[in-house]
Amino acid sequence: SQQGEEDPQALSIQEGENATMNCSYKTSINNLQWYRQNSGRGLVHLILIRSNEREKHSGRLRVTLDTSKKSSSLLITASRAADTASYFCATDANTGNQFYFGTGTSLTVIP
Amino acid sequence: ETGVTQSPTHLIKTRGQQVTLRCSSQSGHNTVSWYQQALGQGPQFIFQYYREEENGRGNFPPRFSGLQFPNYSSELNVNALELDDSALYLCASRPRMGGNEQFFGPGTRLTVL
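As given, the protein sequences belong to chains A and B, one line each in that order.
Positions in the first sequence are counted from 1; adding 228 to them yields the numbering used here.
Positions in the second sequence are counted from 1; adding 4 to them yields the numbering used here.
Don't read these hints as lab results, they were simulated from the structure.
Take these hints with a grain of salt, some might be off.
[What the hints assert, rightly or not] Just a sample of chain A residues kept apart from chain B, beta carbon distances all over 10 Å, derived:
(1) Glu-243
(2) Ala-247
(3) Asn-250
(4) Ser-252
(5) Thr-255
(6) Glu-281
(7) Glu-283
(8) Arg-290
(9) Ser-296
(10) Lys-297
(11) Ser-301
(12) Leu-303
(13) Ala-306
(14) Arg-308
(15) Asp-311
(16) Ala-318
[As the list claims (entries may be wrong)] Output of the computed footprint for chain A on chain B, the stretches with three or more beta carbons under 8 Å from beta carbons of chain A:
(17) 47–57
(18) 106–117
Glycine included, C-beta positions come from ideal geometry on N, C-alpha and C.
Next comes chain B alone, as it looks inside the complex:
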């Protein structure tokens, strides 16, 4: 069974640019969530996708958007990057909605200069 994978591992962008991060869910998982983790902080919930629809969103502006594909892989897009967007971005998948443990990928470290 393949675990959750994310790409790229590291990324450096400049302020104002756009970035796309990718996540492949664990096999059989149809729910994926994205988190932002600033240095020294806990993960902050960005949004969740279930069967290709967004069905939960944290306190993040609209320039953070996402997609989930029929094979349950997912993308996180961030437009107009700001310095404060520098963080570890984590995706996590679950086999179904509600009450289950989340399986996390290794994360993408984004640095905005």
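With the rest of the complex left out, here is chain A:
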């Protein structure tokens, strides 16, 4: 079974708008990561946030983590058509050697 679930399953926005997607997970973690996948190919790492961090920024990306609620959010600001992809959160379930991915959010940015 999957550790995490992303919400919404699909999101469609206009170029320039912000996109927010959420991830919920089930067990305690060491860290949570967000990945992007284009057209069923390999995943690309976007950002990692550790369990003792609450917010992290990288370029147009902002990630928050609430360990009390076992949830995280990914905000992409000023979206571009090139941001169209599926986005997954991944947690290590406190094992350090097993990573569990959610079901993903499919983002479409309309030019």
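Fit chain B to the known structure of chain A by using the hints.
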């Protein structure tokens, strides 16, 4: 620096056959993980190898097995293929155990007929 590579890109097999998928880790990475991604789903963890030893396994039957070689390249073997094994198989490498980002290869698309 060479990224993670996988071969073959696509593969078609029939039910009951055996398949071997290959992965070359990114230079300097000694940890490799394999994932199965069914259409429309997130990647599911199969197993992980660290310094040629399996040190983590997901909920997959024993007919899924692997190897990691001294040069840290890796193989995923699947015996007695079933229709449900049709998926994208991804390998990912990391420079060391614990807490690091994973670098994914482009995947092998396996179709079982």
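* Could you tell me which of the numbered hints above are not met by this structure, giving the numbers in increasing order? => When the structure is compared with the hints, only number 16 turns out to be violated.
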